[in-house]
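Enquirer: Protein sequence lines, in the order shown, are assigned to chains A and Y.
Per the working numbering, the very first residue in the first sequence carries number 1; after that it's consecutive.
Per the working numbering, the very first residue in the second sequence carries number 403; after that it's consecutive.
Since the hints were made in silico from the structure, they are not lab data.
We put the CB at the ideal spot given by N, CA and C, even for glycine.
Some hints here could point you the wrong way.
Pair ranges (Cβ atoms, derived) [as the list claims (entries may be wrong)]: (1) Leu386/A / Ser641/Y: 34 to 42 Å; (2) Ser263/A / Asp700/Y: 44 to 52 Å; (3) Gln673/Y / Leu109/A: 27 to 35 Å.
Far from chain Y, some chain A residues (derived; all Cβ distances over 10 Å) [as the list claims (entries may be wrong)]: (4) Gln79; (5) Gln85; (6) Gly110; (7) Asn120; (8) Glu292; (9) Trp300; (10) His304; (11) Leu394.
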Amino acid sequence: MSGSALDDICVVDLSQGVPGGYCTKLLTDFGAQVIKVEPVHGEATRHVGPFPAGPPGAERGALPLYLNGGKKSITLEIQSATGRQLLCQLVQRADVLVESFLPGALAGLGLDYPALQKLNSRLVMCSITYFGQVGPYRDFLGSDLIALALSSYLDLTGDPDKPPLRTGGSQAEYQAGLNAAIAIMSALSYRDDAGVGQYLDVSAIEAVLSTYDGTALLTMEERTGHAPKRRGTRLQHRDPHAAYPSTLLPCKDGWVHAHWSPSNPEGLAFLTGNPRLADPEVMDELMGHADEIDELLAAWLKDHTRDEVMALAQEVRVPFTKVQSIDEVLEDPQNQATGFFVPVEHPEAGTLRYPGSPMHMPASTCRTARAPLLGEHTEEVLCNLLELGADDVLRLRAEGSI
Amino acid sequence: MTTLPLSHVRILDLTNVIAGPMATRVLAHLGAQVIKVEPPWGRAVGRILAFRPEAGRGRPYNAIPSFNEVNRAKLSASLDLRRTEGKQLFQALLAISDVVVENYSPRVMPNLGLAYEALRQVRPDLIMVSMPAMGAGDLGPWANYISFGPGTDALAGLSDLTGYEGGPPSKPGNFYADQNSASHVAFAVMVALRHRRRTGQGQHIQVVLRETTMAVIGECFLEYQMTGGVPTRIGNRHSWMAPHNVYPCAGEDSWVAIAVASDAEFQRLSQAIERPELAQDPRFADGASRKRNERELDPCIEAWTRSRTRQEAMLALQRHGVRAGAVLTVGDLKTDSHWAALGSTDAVDHPEAGHGVHPGLPWRASRSGGQLGRPAPLFAEHNAFVLGDLLGLPEEDMLRLQQAGAAPTEPMAL
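Make the full structure from the sequences, and use the hints.
Expert: Below is the structure:
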């Protein structure tokens with residue numbers, strides 16, 4: 001019996017950067033064989049760091065180490081006719097092709113979906129770009145910051161009297177990758193029934209917009225004519241009757257996230273011993289009393305540490321949590337107990353603790369494995385999958401195609 | 403042949419608020435029949451919460467903007483799962499369903515007698531999803547802690563990574579952790595459906611909210627271990643790109659974002675802003691120098707952006723091959739020509755709440771798109787379909803259940 005959901009799926013990954021990287025990481029985690037096709041000098045994330053002390057190295061960047069675990073790496077120059085021919089042979093045997101070039105780039109090489117579909121009608125081809133394959137911005141150059149700007153997300157983050165603020169990490173790019181993985185799974189499901197593949201056009205800006213679901217921002221803007229704006233650490237809704245707090249507040253030794261819960265409406269008063277926080281006047285208009293609630297909570301919080309606040313609040317079912325830095329998260333008692341971070345050895349980067357999968361699926365084996373060295377599997381893939389001989393590989397190497 | 407990928411899938415949705423409902427909304431848009439099993443008291447189901455009903459838009463419990471967004475394309479049936487009869491009907495429904503999704507705090511389902519082990523007795527190949535905030539199963543000292551999405555960002559490290567340079571921690575606009583975990587759930591359910599298709603085996607999936615946030619900042623944990631430096635908030639700057647910031651444009655609260663990734667791109671930027679000498683300046687000659695001296699670059703760029711609109715600045719920079727984007731507001735999305743061309747918002751007419759605009763599926767598919775344009779259900783709108791058509795209850799039984807409050811058509815007071 002099969003051990004995982006996707007171990008019959010072969011993915012050819014031409015993408016560069018976080019979006020395609022996270023997309024195929026998710027597929028790898030559940031058993032897909034992902035063949036990462038890199039230019040001879042390695043794909044972009046291998047060169048951008050952060051790197052450990054010492055010179056930068058294509059095998060030692062945090063991003064490729066994290067995103068490429070469990071994938072196979074081959075080098076192939078698709079700019080050359082030989083390289084393209086080998087890629088086409090791979091595509092004939094593949095179930096999924098992921099790419100992240102600017103729109104039209106693959107068409108220029110004769111490798112767009114209409115051409116590849118003729119080689120393999122079951123192929124699911126997924127293009128991941130910042131702005132999509134259509135529309136006036138399709139040829140724009142993008143990045144995580146630019147995608148956050150053009151999706152309006154940037155405008156929603158930060159303080160009202162300060163510039164719009166980027167969310168930490170590369171969240172537009174991660175959302176693009178995550179939604180590409182969903183789109184690919186839906187196309188595989190369709191293919192399991194209908195027998196044919198299809199083309200998917202995923203954009204980072206739309207992926208970011210999808211994270212507005214459940215906040216009704218577009219509808220409320222349409223109804224009121226007022227665009228929701230950034231409000232510091234408060235939620236965008238200004239209705240005085242809306243729930244509050246959901247915000248960050250300082251305590252004795254750092255910051256906590258304070259949250260009101262509808263299933264424990266008087267919890268704030270109970271926690272702090274301040275009856276004003278359960279006063280009907282306040283309770284009826286929580287958001288309308290946001291400044292006062294902040295003050296009342298701050299007066300209590302200043303005498304308590306983050307750990308005390310979280311323990312005391314959770315004890316009485318009030319959902320307060322503490323703000324932790326990256327090093328604290330890595331060592332916190334919950335992560336120690338669950339073993340979320342998994343030690344993995346890598347020949348160049350040594351043994352590091354990697355985030356495991358947040359999706360716990362006991363029946364579908366999930367693996368945390370090391371990232372491949374650049375071109376580590378070129379020979380294996382060409383010989384085993386494409387059935388080339390050792391002398392063919394030598395010749396391709398000599399002419400610089402691989 | 404249908405054009406929807408999940409048209410053969412039935413999902414029982416016991417979720418609340420945002421994270422769970424968004425996950426099943428994505429699956430509903432992909433063709434699954436999602437039945438929202440609502441408690442008889444409308445209040446607890448996210449029909450009231452952070453977002454109050456809008457006056458004059460129908461019965462209050464049917465006029466919650468957030469509920470009507472995140473529950474699009476689903477069916478609603480009311481059922482009191484605390485009663486024996488409610489449990490029996492739920493089990494009958496379970497026998498003809500593929501997936502159950504719930505996002506209660508960890509104690510609730512076992513207390514109702516509806517833990518996975520009990521449910522799989524009824525449906526051995528059941529796929530069940532739970533969404534604990536802190537940990538799978540009862541693992542760890544925080545396993546029973548309660549938190550909404552934004553609170554898990556704080557514990558995961560994302561709040562510490564977000565904020566102005568030198569300022570306090572901040573948080574992503576919106577409910578990022580909820581929506582991020584929702585998409586992971588939608589992905590996981592499709593993985594599990596494919597696993598079941600190939601093996602006949604169901605499973606209990608647990609997607610841990612806090613862990614989904616840690617997964618999308620995964621490289622930061624490796625960076626810390628490799629360099630010893632703790633990644634933290636740096637405003638709009640970037641670990642290696644420079645310049646990388648937002649710059650004020652003509653007009654109030656109007657900005658353009660600019661990101662420069664290479665020396666060649668910086669040369670193009672210096673041409674675009676009519677300061678070609680900057681590219682010759684040793685302070686900005688290569689990436690490392692620009693990163694070191696990025697504060698000195700900002701005024702040079704700002705002097706140029708200030709006299710232009712966001713749109714003018716973006717177009718001029720992109721014409722020169724420089725990464726640039728106008729900082730759009732939520733309101734701009736409906737007038738911007740690119741967003742119009744993408745056509746990805748989901749315009750829906752709700753029978754009581756009226757017209758709404760929502761995010762759709764963030765991709766275009768050449769064969770199997772989504773079933774968009776469908777409103778959220780009214781409370782208990784589909785009781786007759788679910789209890790009558792699916793379970794075959796005679797009308798008098800349905801009436802009795804309704805009158806007894808086990809499956810009411812109007813929410814009851816708590």
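Enquirer: Against which earlier hints does the structure fall short, listed by number upward?
Expert: none
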